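Participant: Modelling step: build the complete structure from the supplied sequences, incorporating the hints.
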Amino acid sequence: MDIHIRGLRKTFGVSPALHGVDLDIASGELIGLLGPSGSGKTTLLRILAGLETPTGGDIHFGDLDMAGQSIQERRVGFVFQSYALFRHMTVADNIAYGLRVRPRATRPSARAIASRVEELLGLVQLTGYEGRYPGQLSGGQRQRVALARALAVEPRVLLLDEPFGALDAQVRKDLRRWLREIHDRTGHTTVFVTHDQDEALEMSDRVAVLNRGAIEQVATPDAIYDDPATPFIYGFIGDANRVEINLRGGQARIGDTVLARVGAGKEGPAELFFRPEHAAIDDGPRSARGTLVALRRFGAKRRGEIRLDGAAGDIELDLPIGAALKPGDRLGVRLDRFAIFADGRRVSVLDLATRAA
Amino acid sequence: MSLSDSLVKPSPLPGFGPALGAALLWLGLLVLVPLAALVWRASGLGLGGIIAIATQPRIAAALRLSFGLAFLAAVLNVVLGGIVAWVLTRYEFPGRRLLDAAVDLPFALPTAVAGIALTAIYAPNGWIGAPLAALGVKIAFTPIGIFIALVFIGLPFMVRSVEPVLAEFDPEIEEASATLGASRLKTVLQVVLPPLAPAFITGFALALARGVGEYGSVVFISGNIPFFSEIAPLLIVVKLEEFDEAGATAVATIMLTISFAMLLLINLVQGWTRKRMGHV
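Chains A and B are the protein sequences, given in the same order. The opening residue of the first sequence carries number 1 in the working numbering; numbering runs sequentially from there. The opening residue of the second sequence carries number 358 in the working numbering; numbering runs sequentially from there.
Among these hints, one or two may not hold up.
Unchecked claim - Reference excerpt, derived from the structure (chain B facing chain A, CB under 8 Å, subset only):
| no. | residue |
| --- | --- |
| 1 | N482 |
| 2 | D527 |
| 3 | E529 |
| 4 | A533 |
| 5 | A535 |
| 6 | L537 |
| 7 | A539 |
| 8 | P552 |
Said to hold, decoys possible - Each computed SDA-like pair below joins lysine to any residue, with the alpha-carbon atoms no more than 20 Å apart:
| no. | chain 1 | residue 1 | chain 2 | residue 2 |
| --- | --- | --- | --- | --- |
| 9 | B | K543 | A | I71 |
| 10 | B | K632 | A | Q136 |
| 11 | A | K173 | A | A105 |
| 12 | B | K596 | B | G401 |
To be verified - From the structure, some residues in chain B lie toward chain A, with a derived Cβ separation under 8 Å:
| no. | residue |
| --- | --- |
| 13 | V470 |
| 14 | I473 |
| 15 | E532 |
| 16 | T536 |
| 17 | G538 |
| 18 | S540 |
| 19 | K543 |
| 20 | P551 |
| 21 | R631 |
Don't read these hints as lab results, they were simulated from the structure. Predicted, not measured: the structure shown is a model, and the values here were computed from it. We treat Cβ as the ideally placed atom computed from N, Cα and C, and that holds for glycine.
Facilitator: What follows is the structure in structure tokens.
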């Protein structure tokens, strides 16, 4: 089911948690809410579930206005970071719970419930565990039970709050891929919250990046990584270099090198961001000049620290492993892709690969 | 393989020997020796003699009254104590700290003071007793009065057993139940209360045990009418005052045996519940 969020606000006491969030989620989409702690992502998710009441704004599931709809009426599947399993019930009873608590008129028969539980145990690969108690399961197994329990009620939307936050790195990786598969198979509209950028980028159809109670960008993982809309996203996701530059006469320059033309009338200090892999050593005319300060091995790559002429602070970029370079060498740096922000707003983007500037 | 190797599971914690020794020493000096002396004294009567005393009508009536009322009072305290613990842990309201402290008063108050206060209130000329007397309900000097005194002194046991467990209860579990469509009532009955069962059983056992042996707060309000409102602990005192030491020890031994059997049973139920509720 599609979700439409308009002007959503939430205030706790005097401190605003969300101000004016707009977001449209397509039916069957898997969307990740990514942000640092305190960005409001969990608050947004809990408001969708009805666990928090918004201060203002509205939410529609399809055509259905969620205002005034109780938690129970919303039919959302919610998966908590702490699993929140009923530890005095077996795995099977946990999964069946949402069906058993229905009023008699809409409750499936005992046999229908049993076969639904069986089916879900198969889906989350826990067949044979129906008689166990949550205390007898590993963290990853518990989270799978929690997911099966949420899916049992045929939710309109599936909401996951840091679903893998309490798990080991390896288990997390497996579960991510597995959750994506389950999503593709069941087709539920799914919203999940995470502070882990790898998780968000790997699993989501689209990522919504939140910062201080507002959405900074909603885009595909590729666009979020390659084409961040704000300085915050450059800093928050992946590695990025930040260079303070000046805009003069409609041009952005580092030292004497003109990087891009910006619209006339934009003058003064600005920030230039680019990722280490989007720059290369090149002595051509479009390159900025600088001095190699240090070299470091960085996984499969070699990373160089370079001090650009006419810019404060060092930048990092990826260098060919075999390049005969040593600290102190003079070199040119060609930026293939970067973005320039003035007062937090993007004034120019350059992508040499696609020749768009 | 030595004996200690075969009987004791190895533990990484050092000091098992001294710790167990100290525990057994205290338990022995403070609990087992006096109780053994009691049983030894009573054994002079022989099993037949004890049973004969236990079945004397006045003593049997007192035992029934003591155990019956202690049981009923503990049952009521499950409800009352549960509600008080719920209010104290779930809501923030002015005076919560004060209420929290007041719960412990029955622990701290000399029981005789509590007994006299309760009697003054529930006597036919007391604040609550007078209007009730007008309706024809008599509380003081009847088993109902005893019941009220036992509820009073048992309440803190219940509250203090349940409160910490309830305070630790993860609110997300209730939220999970709500998102799955369960009404508030179903959530409380099926999700919140079952895991609290071990704590309730503990509180019940403590309140029951305290109620059975309670003397000070009861003797004033009960009126101590044989066959009607005379409790077993009082009967022990009466026997002693009559220099019937054998009779007193016999009643005491009977109470001890029943109490021990009850507590053992409750502990067994407790162990079973804990396992069922997932405290492995």
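Participant: Each hint: holds or not?
Facilitator: A quick look at each hint next to the structure:
With a least beta-carbon distance of about 50 Å to chain A, the hint placing N482 (chain B) at the interface is violated under the 8 Å criterion. About 6 Å separates the beta-carbon of D527 (chain B) from the nearest beta-carbon of chain A, less than 8 Å, and the hint is met. The interface hint given for E529 (chain B) is met, as the beta carbon of that residue sits about 4 Å from the closest beta carbon of chain A, less than 8 Å. For A533 (chain B), the interface hint holds, the least distance from its beta-carbon to any beta-carbon of chain A being 4 Å, beneath 8 Å.
Hint status for A535 (chain B) relative to chain A: holds, with the closest Cβ pair at about 4 Å, below 8 Å. For the restraint placing L537 (chain B) at the interface with chain A, the shortest Cβ-Cβ distance is roughly 4 Å, inside the 8 Å limit, so the hint holds. With a least beta-carbon distance of about 4 Å to chain A, the hint placing A539 (chain B) at the interface is held under the 8 Å criterion. Look at P552 (chain B): its Cβ gets to within about 5 Å of chain A, closer than 8 Å, so that hint holds up.
A distance of roughly 14 Å separates the Cα atoms of K543 (chain B) and I71 (chain A); the hinted pair therefore holds under the 20 Å criterion. Of the supplied pair hints, the one linking K632 (chain B) and Q136 (chain A) holds, its CA atoms being roughly 12 Å apart against a limit of 20 Å. Among the hinted pairs, K173 (chain A) with A105 (chain A) is inconsistent with the structure: their alpha-carbon atoms are about 42 Å apart, more than 20 Å. Between K596 (chain B) and G401 (chain B) the alpha-carbon distance is near 17 Å, which keeps this suggested pair within the 20 Å criterion.
This hint is violated: V470 (chain B) has a C-beta 41 Å from the nearest C-beta of chain A, more than the 8 Å allowed. For I473 (chain B), the suggested interface contact is broken, since its CB lies about 44 Å from the closest CB of chain A, more than 8 Å. Hint status for E532 (chain B): holds, given a least beta-carbon distance of 6 Å to chain A, under 8 Å. The interface hint given for T536 (chain B) holds, since its Cβ lies 4 Å from the closest Cβ of chain A, which is under the 8 Å cut-off.
About 5 Å separates the beta-carbon of G538 (chain B) from the nearest beta-carbon of chain A, less than 8 Å, and the hint is met. For S540 (chain B), the shortest C-beta to C-beta distance to chain A is roughly 7 Å, which falls under 8 Å, so the interface hint holds. The criterion of a C-beta within 8 Å of any C-beta in chain A is met by K543 (chain B), whose closest approach is roughly 5 Å, and the hint holds. A hinted interface residue such as P551 (chain B) counts as satisfied when its beta carbon comes closer than 8 Å to some beta carbon of chain A; here the least separation is about 5 Å, so the hint holds.
Below 8 Å, beta-carbon pairs count as interface contacts, and R631 (chain B) has none with chain A, the closest being about 10 Å; its hint is therefore violated.
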